[in-house]
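Following the hints, position chain B against chain A.
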Amino acid sequence: MSFRRLHIKFVAIFAVACLMGGILFTATRTEALRFQERSMLIGSSQAGDTTFYQISFIYPTTNVVGSLRLEFCDNPIPTLPCNVPPGLDITNATLAAQSGETGFTITQQTSSVIVLSRSPSATGLTASSYRFDNMINPSAETQDFYVRMTDYASTDATGSFIDFGSVTARMTVPIEIYAQIPPILVFCVAGSINDDDCQDTTGNFADFGELSSTQTRSTSSQILARTNAQYGYNITVAGRTMTSGVHEIPGLSTPLESFPGLGQFGMNLTANSQPAVGADPIGPGTSATIHADYTQANKFLLRDGDTIITSTGVTPTRKFTASYIVNVPASQAPGLYTTTISYSALAGF
Amino acid sequence: MFIARSLHRIFAASVLFALVIVAAFMDSVVYAQSTGIGFTPRQDITVRAGSSAEGALYVTNLDKKSAATLKVRVVDFTAADQTGSAELVVDTSADPTPWSLRPFLKVPDTVVLQPGESKQVPYTIAIPQKQGAGSYYSVVQYTAEGNSTQQVTVRASGASMLFVTVPGKAREQLSLRHFGPYVTAPNTTNGSFRSLFIGKAPTTIAYVVHNNGSVAEMPAGSIEISNIFGKQVRLIKNANPKRNVALIGQERRIEVCVQESTKQVRDSGGALQVSYCKDPKLPPGIYKARLSVLYGINGSSTQEIERTAIFWYVPIWSIVALVIIVAFLAFGIFKLRTVYVRYRARTKA
Chain A
31 MSFRRLHIKF
41 VAIFAVACLM
51 GGILFTATRT
61 EALRFQERSM
71 LIGSSQAGDT
81 TFYQISFIYP
91 TTNVVGSLRL
101 EFCDNPIPTL
111 PCNVPPGLDI
121 TNATLAAQSG
131 ETGFTITQQT
141 SSVIVLSRSP
151 SATGLTASSY
161 RFDNMINPSA
171 ETQDFYVRMT
181 DYASTDATGS
191 FIDFGSVTAR
201 MTVPIEIYAQ
211 IPPILVFCVA
221 GSINDDDCQD
231 TTGNFADFGE
241 LSSTQTRSTS
251 SQILARTNAQ
261 YGYNITVAGR
271 TMTSGVHEIP
281 GLSTPLESFP
291 GLGQFGMNLT
301 ANSQPAVGAD
311 PIGPGTSATI
321 HADYTQANKF
331 LLRDGDTIIT
341 STGVTPTRKF
351 TASYIVNVPA
361 SQAPGLYTTT
371 ISYSALAGF
Chain B
182 MFIARSLHRI
192 FAASVLFALV
202 IVAAFMDSVV
212 YAQSTGIGFT
222 PRQDITVRAG
232 SSAEGALYVT
242 NLDKKSAATL
252 KVRVVDFTAA
262 DQTGSAELVV
272 DTSADPTPWS
282 LRPFLKVPDT
292 VVLQPGESKQ
302 VPYTIAIPQK
312 QGAGSYYSVV
322 QYTAEGNSTQ
332 QVTVRASGAS
342 MLFVTVPGKA
352 REQLSLRHFG
362 PYVTAPNTTN
372 GSFRSLFIGK
382 APTTIAYVVH
392 NNGSVAEMPA
402 GSIEISNIFG
412 KQVRLIKNAN
422 PKRNVALIGQ
432 ERRIEVCVQE
442 STKQVRDSGG
452 ALQVSYCKDP
462 KLPPGIYKAR
472 LSVLYGINGS
482 STQEIERTAI
492 FWYVPIWSIV
502 ALVIIVAFLA
512 FGIFKLRTVY
522 VRYRARTKA
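Line by line, the protein sequences are chains A and B.
Each residue of the first sequence is one higher than the one before, counting from 31 in my numbering.
Each residue of the second sequence is one higher than the one before, counting from 182 in my numbering.
Hints listed in this document are in silico derivations from the structure and should not be mistaken for laboratory results.
Being a predicted model, the structure only gives us computed values, none of them experimental.
The beta-carbon is built from N, C-alpha and C at its ideal position, and this holds for glycine as well.
Worth double-checking, as some hints may not be accurate.
As the list claims (entries may be wrong) - Short derived list, chain A residues pointing at chain B, Cβ under 10 Å:
id: 1; residue: Arg-200
id: 2; residue: Pro-213
id: 3; residue: Val-219
id: 4; residue: Asn-234
id: 5; residue: Leu-241
id: 6; residue: Ile-253
id: 7; residue: Ala-259
id: 8; residue: Met-272
id: 9; residue: Pro-314
id: 10; residue: Gly-315
id: 11; residue: Thr-337
id: 12; residue: Thr-369
id: 13; residue: Gly-378
id: 14; residue: Phe-379
Claimed, not checked - Here are the simulated DMTMM-like pairs of lysine to aspartate or glutamate, each with C-alpha atoms no more than 20 Å apart in a straight line:
id: 15; chain 1: B; residue 1: Lys-300; chain 2: B; residue 2: Asp-290
id: 16; chain 1: B; residue 1: Lys-252; chain 2: B; residue 2: Asp-290
id: 17; chain 1: B; residue 1: Lys-245; chain 2: A; residue 2: Asp-227
id: 18; chain 1: A; residue 1: Lys-349; chain 2: A; residue 2: Asp-225
id: 19; chain 1: B; residue 1: Lys-300; chain 2: A; residue 2: Asp-227
id: 20; chain 1: B; residue 1: Lys-245; chain 2: B; residue 2: Glu-298
id: 21; chain 1: B; residue 1: Lys-462; chain 2: B; residue 2: Glu-436
id: 22; chain 1: B; residue 1: Lys-246; chain 2: A; residue 2: Asp-225
id: 23; chain 1: B; residue 1: Lys-459; chain 2: B; residue 2: Glu-436
id: 24; chain 1: B; residue 1: Lys-246; chain 2: A; residue 2: Asp-230
id: 25; chain 1: B; residue 1: Lys-245; chain 2: A; residue 2: Asp-230
id: 26; chain 1: B; residue 1: Lys-246; chain 2: A; residue 2: Asp-226
id: 27; chain 1: A; residue 1: Lys-329; chain 2: A; residue 2: Glu-287
id: 28; chain 1: B; residue 1: Lys-381; chain 2: B; residue 2: Glu-436
id: 29; chain 1: B; residue 1: Lys-418; chain 2: B; residue 2: Glu-436
id: 30; chain 1: A; residue 1: Lys-349; chain 2: A; residue 2: Asp-336
id: 31; chain 1: B; residue 1: Lys-245; chain 2: A; residue 2: Asp-225
id: 32; chain 1: B; residue 1: Lys-246; chain 2: A; residue 2: Asp-227
id: 33; chain 1: B; residue 1: Lys-381; chain 2: B; residue 2: Glu-441
id: 34; chain 1: B; residue 1: Lys-287; chain 2: B; residue 2: Asp-276
id: 35; chain 1: B; residue 1: Lys-245; chain 2: A; residue 2: Asp-226
id: 36; chain 1: B; residue 1: Lys-350; chain 2: A; residue 2: Glu-67
id: 37; chain 1: B; residue 1: Lys-300; chain 2: B; residue 2: Glu-235
id: 38; chain 1: B; residue 1: Lys-381; chain 2: B; residue 2: Asp-460
id: 39; chain 1: B; residue 1: Lys-418; chain 2: A; residue 2: Glu-101
id: 40; chain 1: B; residue 1: Lys-459; chain 2: B; residue 2: Glu-441
Next up, chain B with everything else stripped away, as it sits in the complex:
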């Protein structure tokens, strides 16, 4: 009896101990997946029809503690608005866009990165012989795998943009919609074109083009600003310094600084040269901006866009000075007239 009771106690203790171990194990099996990645933001390449190209995209797991299993897939995108913001076509059942790389691009299905590991994700692009000249683009998206039953699970994904140009005769057409000084509203990516500046001189000039062709265009050229006497006061040598692209069918706004400057910013990733638009310090007056840009892919016709825009820069102090000068002149003319009238009267007498 005593032995049976002892055995029973030992058995119960063992079961309890086992349950504690299992429970502890379950608590410590926490779902862990890296949430930090670094990756190649964009690549532009040229591949002729009938040929193929191989390349690689850099991906790194920034997390030093957790591995990352990334699902890799090719996703199409369109323009979200007039800026360079892309809208991914997330519906996997949707037909490829006319400019999709999905039929031509091969990437691995998954990439596994150990904590802190970097890899080159290889890809192959094969363009068929009869494929028309033009632009083809998609993103290669990396998405962290895994499930969670937490109330709010946060996930990170990144995507590298791939732009492929197939050289040759293509349909290229950019229509210029607007050109001139541009003012962006605070905390937005929108703004408006203006031609009269009273407070500060314009720091940004922009042009809006609509792409009616089959090529994602990257216009290149210059903008010249001259004063009322035709003297050049500013030359913006590169009218597209950030190599902005007008996607097929997009109405794209490209902004440039009237006077660009750079400053060095210390960052955890190293020292970065950050560009910004500085005050161009234009004297008051009427100005003419002349846009001259070209576009056209290798082997296709070069098209050009030219436009001029007039703008006024009339700061408050110049208005006050002008009023004072005009008042002074008016007073002077009045006094002269008075003197002249008296002189005539004296002479007649």
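Looking at chain A on its own, in the form it has when it is part of the complex:
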């Protein structure tokens, strides 16, 4: 065989091998049939409670079933190791009721596994339900846990399973009066915040002084926030431009530079040089991000309802400086122009 023919054959085999490998890699494994309409009702969702679990589903086929295995885990994926949710204990569980496919009794039982067995018989496509009493919930609040269910032709849950599926439940935090301070969102706004705890603030206003048609007037206030909650926080701004009776100074709705002599009112949350006002945020809570429109130096705006600051998890203290600018034309009607800017802090969800 010539080298050329050998070369062509090698390339062809290599290409086919790559193609087969790609197909095998991307192809999903054949899925066994899943129990349909699966659900679980628990009597109490509070951590540590002794309560009942009622598991319901529809057998997807009419196969002969002799046993049903229920395994309680901290994740639903059958191919992954099953870790028992801390505190969960079904050692003393009893089968209090059953409907649909019946005749089962508990034949194997540990702190996290129950095997129900019966004389093997064909299942119908009917809704079945099994209620277990004396189930002890996981001890961690907000713990998610899963029940992996598999059925078998054998009476002792051995051999290949026929159908499978999972149900999930979640523990909730009990309503209680906290003596300590668990999750909290700390937030303050002032003309000046002189510490990192919002305990020493100065004024709830900012003044421009006398407005001018030849010079930009600027001022600032400060915002501080932190949270020990995993939800993070969002801070929104609400407010309109400065008004005096029926007269108003036009507000900036998109980021724009300051132009003396034009009617403008706006703000941002960064250090500026024209005019020289404001400061960049300080503090260890660097995961709190400012909306891009409000971080452009020397550009100002104010859109009512904007979310100006966002954090997505536990966030240490971060202090922001809000810079405000105002310009008025020579034709601006005289008067006392005022506005109220409201900052609202809200947890994420």
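Relative to the frame of chain A, chain B by itself:
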């Protein structure tokens, strides 16, 4: 005459003195209202139809000098975008949202906090007997009262989120829209899904679900990452570590770290454990990510979402190395062929 003049002088001096006192008093009556609060960011509770529950939300006045009079009201909210940012329905005349807690939730109208004082704001939730299963949520907003005639008055308000689940059969439907590695743009909460990574390995995986049901869903499950040979390289045990919620009608993006780590950050509020995504240090190659999450409230059907996504991680150095190897192989094959041709020629001769 002298007496009259003296009396006149005394009277004028008295009036002047009184005016000075009044003026001084007016200057010192400065509007003072605390601008710093700490509050419970969020509570999740379960209340059965036909029953009621009582609870409390923690509120504290951080200001050590000024009292705080907080107006308390229940406000509805919707999702602002794909993140966990809420948009308050501030129009008090608007109809309650379909998931509003306003018909069921009672809170006090005002809360007065002395400087540095903390209180538990009590609330009562009463769910009617015929109320359908599902999710009901609103915020309890605290707003500082008071008026000011300053040019720019700044105000702070906070709001605690309340999520109430009424267990039972509910309409639950999450549709998966996207899944895969996700890259967030700097200084924004937006980004894009990518499947090819040349510079750095992906640090974040995300999935986007659209909620078409009547329950605010909190999907729970795992994400498994395996290489081209099917070997698991990373297991993200908790696919929703921050307990993100997909609100009713929302298209929600949930992000998780491929490799999460935590660091302790010293803060004025104490030491905080802050989580961040670290470089997963994946070797170059083709990877498959498998998402497996479940959702379903107590007593309702468990639904599941499964999806796989393929991504490539090909750092620059691996491309260079591959080019060098291929060039070396090509050169080697060329040299071998040359030797073989010469050998054949010699043999024929």
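Status of each hint after checking the structure:
Evaluation of the A:Arg-200 hint against chain B yields a held restraint, the C-beta minimum of about 7 Å falling below 10 Å. At a threshold of 10 Å, the smallest CB-CB gap from A:Pro-213 to chain B is about 6 Å, leaving the interface hint in force. Here the hint on A:Val-219 is kept, as its CB sits about 4 Å from the closest CB of chain B, short of 10 Å. Taken as an interface hint, A:Asn-234 checks out: its beta carbon lies about 5 Å from the nearest beta carbon of chain B, inside 10 Å.
A hinted interface residue such as A:Leu-241 counts as satisfied when its beta carbon comes closer than 10 Å to some beta carbon of chain B; here the least separation is about 9 Å, so the hint holds. The interface hint given for A:Ile-253 is met, as the beta carbon of that residue sits about 8 Å from the closest beta carbon of chain B, less than 10 Å. This hint holds: A:Ala-259 has a C-beta 5 Å from the nearest C-beta of chain B, less than the 10 Å allowed. Interface restraint check for A:Met-272: the shortest CB-CB distance to chain B comes to about 7 Å, inside 10 Å, so the restraint holds.
Because the smallest distance between the Cβ of A:Pro-314 and any Cβ of chain B comes to about 5 Å, under 10 Å, the interface hint for this residue holds. Satisfaction of the interface hint for A:Gly-315 is found here, the shortest Cβ-Cβ separation to chain B being roughly 8 Å, below the 10 Å cut-off. At a threshold of 10 Å, the smallest CB-CB gap from A:Thr-337 to chain B is about 5 Å, leaving the interface hint in force. With a cut of 10 Å, the hint placing A:Thr-369 at the interface with chain B holds, because the nearest CB-to-CB distance is about 6 Å.
Annotation: interface hint on A:Gly-378 holds; nearest CB of chain B at approximately 3 Å, less than 10 Å. The criterion of a C-beta within 10 Å of any C-beta in chain B is met by A:Phe-379, whose closest approach is roughly 4 Å, and the hint holds. Taken as a hint, the B:Lys-300 and B:Asp-290 pair is honoured in the structure, with Cα atoms around 14 Å apart against an allowance of 20 Å. Restraint check: the Cα-Cα separation between B:Lys-252 and B:Asp-290 comes to about 6 Å, which is no more than 20 Å; the hinted pair holds.
Between B:Lys-245 and A:Asp-227 the alpha-carbon distance is near 10 Å, which keeps this suggested pair within the 20 Å criterion. Distance hint between A:Lys-349 and A:Asp-225 is fulfilled; the C-alpha atoms sit about 10 Å from each other, no more than 20 Å. In summary, the hint linking B:Lys-300 to A:Asp-227 is supported, as the alpha carbons are separated by about 18 Å, within the 20 Å threshold. A distance of roughly 9 Å separates the Cα atoms of B:Lys-245 and B:Glu-298; the hinted pair therefore holds under the 20 Å criterion.
Pair hint B:Lys-462 plus B:Glu-436 holds up; C-alpha atoms about 19 Å apart against a cutoff of 20 Å. Distance restraint check for B:Lys-246 and A:Asp-225: the Cα-Cα separation of roughly 14 Å lies within the 20 Å cut-off, and the hinted pair is therefore satisfied. Restraint check for B:Lys-459 and B:Glu-436: satisfied, since their Cα atoms lie roughly 14 Å apart, inside the 20 Å limit. Taking the CA atoms of B:Lys-246 and A:Asp-230, the gap is near 8 Å; set against the 20 Å cutoff, the hint holds.
At most 20 Å may separate the alpha-carbon atoms for a hinted pair to count; B:Lys-245 and A:Asp-230 meet this at roughly 7 Å. As the CA atoms of B:Lys-246 and A:Asp-226 are separated by approximately 16 Å, the hinted pair is consistent with the 20 Å bound. Between A:Lys-329 and A:Glu-287, the direct Cα distance comes to roughly 5 Å. Compliance with the 20 Å bound is thereby established for this hinted pair. This hinted pair checks out: B:Lys-381 and B:Glu-436 have alpha carbons roughly 18 Å apart, not beyond 20 Å.
At most 20 Å may separate the alpha-carbon atoms for a hinted pair to count; B:Lys-418 and B:Glu-436 meet this at roughly 13 Å. Restraint check: the Cα-Cα separation between A:Lys-349 and A:Asp-336 comes to about 19 Å, which is no more than 20 Å; the hinted pair holds. The suggested pairing of B:Lys-245 with A:Asp-225 holds, with an alpha-carbon distance near 12 Å, which does not exceed 20 Å. This hinted pair checks out: B:Lys-246 and A:Asp-227 have alpha carbons roughly 13 Å apart, not beyond 20 Å.
Between B:Lys-381 and B:Glu-441, the direct Cα distance comes to roughly 16 Å. Compliance with the 20 Å bound is thereby established for this hinted pair. Of the pairs offered as hints, the one joining B:Lys-287 and B:Asp-276 holds, with about 17 Å between alpha carbons and a cut-off of 20 Å not exceeded. For the hint linking B:Lys-245 to A:Asp-226, the alpha-carbon distance of about 13 Å falls within 20 Å, and the restraint holds. Taking the CA atoms of B:Lys-350 and A:Glu-67, the gap is near 11 Å; set against the 20 Å cutoff, the hint holds.
Taken as a hint, the B:Lys-300 and B:Glu-235 pair is honoured in the structure, with Cα atoms around 16 Å apart against an allowance of 20 Å. Proposed proximity of B:Lys-381 and B:Asp-460 is supported: the alpha carbons are some 8 Å apart, at most 20 Å. Using a Cα cut-off of 20 Å, the hinted pair B:Lys-418 and A:Glu-101 holds, with the two alpha carbons roughly 17 Å apart. For the hint pairing B:Lys-459 with B:Glu-441, the CA-to-CA distance comes to about 6 Å; that is within 20 Å, so the pair holds.
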